[in-house]
Structures are given as C-alpha cells and as structure tokens.
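Asker: Sequence:
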Amino acid sequence: MKNIKRIVKNILYGPLLWLELLVIKTSRKSISDVIDLSTDYILSLRVESRPGFKFTVSSIERDLYSTIYCICYLGLVGKLESIPECERLEILNYIQSKQCNDGLYRDNKLATPASEDGQGWGWNHLLPHVL
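Heads up: the sequence shown begins at 388 in our numbering, then just goes up one per residue.
What the hints contain is simulated information worked out from the structure, not anything from laboratory work. Some hints here could point you the wrong way.
What the hints assert, rightly or not - Listed next, with one range per pair, are the computed distances between beta-carbon atoms:
hint : residue 1 : residue 2 : range
1    : 474       : 417       : 40 to 50 Å
2    : 445       : 421       : 20 to 30 Å
3    : 514       : 465       : 18 to 28 Å
4    : 483       : 448       : 14 to 24 Å
A virtual CB, placed ideally from N, CA and C, is assigned to each residue, including glycine.
Using the sequences plus the hints, can you model the full thing?
Answerer: Structure (structure tokens):
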C-alpha cells in the first residue's frame, strides 16, 4: 500500500498541483485568461535539451504521449505558433521517428503489455491523436 501511495503521488502530484493552482488562479477569469494560463503551463513542459514535451514539470525526459497531447492542445487553442518554427519541425521529426512499420507510433519509455492491446490507451489509442 505504501508503494501504491508513492506511485500515485509521483504520477498525480504535478498535474493535480497544476489543476489546483489553475482553479485558484482562474476563479472569476475569462476563458481567454484560462487559455493563457493553461498555455503557459503546457509550454513549461517543453524539454530544453531536445524537442518535445514531458509529462510533468518535475519529469526530466520527453515522451511521445505528452508531446502529442501538448501539440494537440496548442493547436486546438491556436497557440502552436508559440513554439518557434524550427522547434516545431524538430518535434515533427521526433514524432515521425516513432512511427513503426505497422503505422503505429510507439515510445519504448511507455511500453507495457497493455500498450499493444489497445484497451483504452496505448498505441492504437494514440494514432488518431497523431493524425
């Protein structure tokens, strides 16, 4: 049980802390203010040493899932140009480098047996987000 609590704390601490801060910061704010605050957080997840995004601010390495979701968010709110064009191309190359012969995109850092069977998440779930 102690290990489960530690794992949950490590996985959820960053996103939950961000969510709590977002709720506090955005009470009585306009939707554009919320988008700006969310965009600032998303951009804080960029990995400086390599193109891509990480899961939480405390993470060190980029991963494919986080990169895809951050790019999707920035595109949906019209903030993709917040990233310089040369870096966007490097991120695109990073994403394309993860495509396998069967067309799916895989990241060994996130691979588990569940990644392959497509039950709610995994490589099959990720594909439409990439496209």
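Asker: Each hint: holds or not?
Answerer: Evaluation of the provided hints:
Separation of residue 474 from residue 417 is about 29 Å and departs from the stated range, judged on CB atoms against 40 to 50 Å. Checked against the hint of 20 to 30 Å, the pair residue 445 and residue 421 passes, with Cβ atoms roughly 23 Å apart. At about 24 Å, the CB distance of residue 514 to residue 465 agrees with the hint of 18 to 28 Å. Distance hint check for residue 483 and residue 448: the Cβ-Cβ separation is about 19 Å, which falls inside the suggested range of 14 to 24 Å.
The structure does not agree with numbered hint 1 stated previously, though it agrees with all others.
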